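Student: Take a look at the letters that make up each chain.
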Amino acid sequence: MESQWLDGLALGLHIPDGFLTTPVALAWWVLTVVAIAVAVRRTGSELDERQVPLMGVMAAFIFAAQMLNFPVLGGTSGHLLGGALAALLLGPWSGVLVMAVVVGLQALLFQDGGLLAMGANIFNMGVATALVGYGAGMPLLRLFGGRSWGLAIVGFVVAWLSVMVAALLTSVQLVLSGVPAAVAFPPMLFVHTFIGIGEGLITFAAIAFIIATRPDLVKSLAGVVSPAGLERRAGGGLIGGVTVVGLLFAVGAALASPLASGDPDGLERVAEDQGFLGRASDAPYAILPDYTIPGIDGSISTILSGVIGVALVFVLIYGITQAVRARRGDAPNA
Amino acid sequence: MSLTSSTLERYVDRISPVHALDARVKVLMTLGYILTLAFLPNGEWAALAGLAGLLWWGVWQARIGLGLVLRRAFVALPFALVAVSLVFARPGAPLFDLTIGPWQLTASDAGLIAFISVVIKSWLSVQAALMLIATTQVVDVFLALRAFRLPTVLVAVMAFAYRYLFVLIDEASRMLRARECRSAAHHGRRGGGSIGWRAAVVGQMVGTLFLRSYERSERIYVAMLSRGYRGEVRTLDTQPLDSRDRGTLIGVLATLALIIYAALVW
Amino acid sequence: MSESIPRPALAVHGLRHVYPDGTVALSTIDLTVAAGEKVALVGPNGAGKSTLLLHLNGVLRATAGQVAVAGTLVGERTLAEIRARVGMVFQDPDDQLFSPTVFDDVAFGPLHMGYPRDEVTRRVAAALEQVGMAGFERRMPHHLSLGQRKRVAIATVLSMDPAILALDEPSAGLDPRARRSLVTLLQQLPQAMLVSTHDMRLVRDVFPRMVVLSGGMIVADAPSATLLADAALLDSYGLEAP
Ligand SMILES: Nc1ncnc2c1ncn2[C@@H]1O[C@H](COP(=O)(O)OP(=O)(O)OP(=O)(O)O)[C@@H](O)[C@H]1O
Ligand SMILES: [Mg+2]
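Residue numbers (our numbering), protein chains in the order written: chain A, 1 to 334; chain B, 1001 to 1266; chain C, 2001 to 2242.
Calculated directly from the structure, the hints in this document are not laboratory data.
Quantities reported herein were computed from a predicted structural model and do not represent experimental measurements.
The C-beta atom is built at its ideal place from N, Cα and C for all residues, glycine as well.
One side of the interface only, derived from the structure: several residues of chain B facing chain C at Cβ under 10 Å:
#	residue
1	1137
2	1159
3	1165
4	1166
5	1216
6	1229
7	1235
Starting from the given sequences, assemble the full structure and let the hints guide the process.
Tutor: In structure tokens, the structure reads:
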């Protein structure tokens, strides 16, 4: 029980409901739904029917693998988030789906993370980790010429990066929800610098082990080690990946510089300049901030704008799922 | 992560008016409740009390014991540490000053109100989610999600994940136990190896678990093929809601709307 | 394409299987099982028992030779029909039971055979009744005992109303009582069966006929009573008298 609390503190990435303002939570739901819709379409078209049981069992695997921890310091423990690992083993879109299911089930079964905040949680721990893992992993892998030990080293680097990105996004969402940047960013990024190392080490060792035991599997899984797989995704992917890695380091540096000065106001100003800081003291329920509906008095128009916002989100979600279904030709069944 | 879901599973088979409701209704009510909390401005204590009352009335109806729900709902508490900062971040009438090292922090009344509101909202949201899962079979939640037009593939993957979750968690715990049994240390010598080595051990466990899972998924696929699977996921279609389900849904959603309206307009 | 041969439940002719890595798992198998006949398939580890069973419903394809189930040849075009006729139960019920509830799992076969809702529910109820697991519909497979999971695993194929059951090591890991009830269940089921096992008491109690497989070939095929009394034969294939 006690260590579980410490883990909760240390990992701190499963945002419960109540901490994100409604606009922030819903905005990330939209992003997540789009990402999942793309993932469903991609996995549906690229891969065979074997994928359904495979992804299901893989989600259970990530879930269970997150339990495997090792003692680090003072009662804290290192353990896996798994997004980068999933993406490297299964490919980016299967990775996204698997992680989305993991995060969703954690919220549903164990109340690890909220339901309204689930959009943000899935995005941070599922979409971002998987896409960073794969997007940054592929170009790095090419540097190693696709050698299999290269994949293990890349595993370490991208696993660390993916944790940092997840922590960064979580902080951004909290700041947008009114938590002072000085409180959100430094501890979050600091703690996860080390948690990320744990993630990286485990990912590295796991991939090395899998390559040593069943190299055939890794090749068939993501096509990343085979020369053909490397050939296929060269070009645009390389540039994209390098850009991602570069951007990540740039953002990291930008965040770290005011940190170093030790001036929390400075950090907040940076955040504000970069548009991170929302209207911290505005009514947190205003879905359409600064938009009041003309001719209707303040509170009613706030309600209306809230309702309109939610309706828009649902229409969008519905539209996207419909489009996906139509494309996949899912027939309603027997 | 806690594995105490089994303590909730004990409640799922009980018989109560809440348990008897259709899962779709309960999912919608839960989402509606959490959205209502989210929309509520800070410091609306009467509305919060009304929402708490509504939920606890439901818990009482469901006969699952308020104590359990309240206690389990504290899982979100560590996050409240982050929210403490709100006390000092919001502009408002100053309450007191706090000096930590180089920082001079001023607590404001608006900040305090924001902090307390956020913690209560979060606490109630977790209770609502607990309530859903303590009164609804997880498979019925999946069916509800399907009825809400989530992509079939996604729900199927969720169902598989749920089915094998506990199988693989058992495998993982057996591995941890095996490690425990062999984690001996000589007297007077520091045991346990370096952090890198420990991480490598865990990495190998993860790798082993992956291979076992992968091979299991292949056997499952064969078992599915053997029973006629052709890549298309099929389930029984769901029944329409009955009048009690519809009545409850409308009643609860209307109450939530009323609470929001009252809080914002009065 | 229903090429008609006289209609035993199962007819295997000159079956050979070579795995992609070159392992010759089956060399030339000839085997006929009459309707309603219960046949035990025994032999040391690696003899090819599982490989043979996987040919019955076309999960593995013959390198040479052919397999016919109730008169229908196993082939690409007949797969759907064949899989409805052959009830394949795998050794580990955790592989066989892949749905979140017992009901969903037993309903999986009938749903894929395209039956309407009422028929699916009826078949599920009947199959669970047959294996003595009625009332467990809403339970999670994970929460059942091994013996119960094995019974449900058999129900998952009974609901498809198969002509022949192919069971891979059904009694492995069962405690005496669960084993006892499995024996009773297998004795009661009317279907023809081909059951791979290392459990000679199971063979004695359920199966009048016994086929011994070794190194991918059938080395003995006779009434169980005869073979089980032949200590020299049992010994040479690493088997033990019950
Ligand atoms: N996928 C595979 N690829 C290559 N060879 C295989 C494969 N599966 C089985 N074999 C080989 O085929 C032979 C027959 O295996 P099979 O599993 O059919 O034996 P079995 O009689 O079921 O053994 P057991 O009693 O251990 O279950 C063995 O030599 C085995 O190593
Ligand atoms: Mg076998």
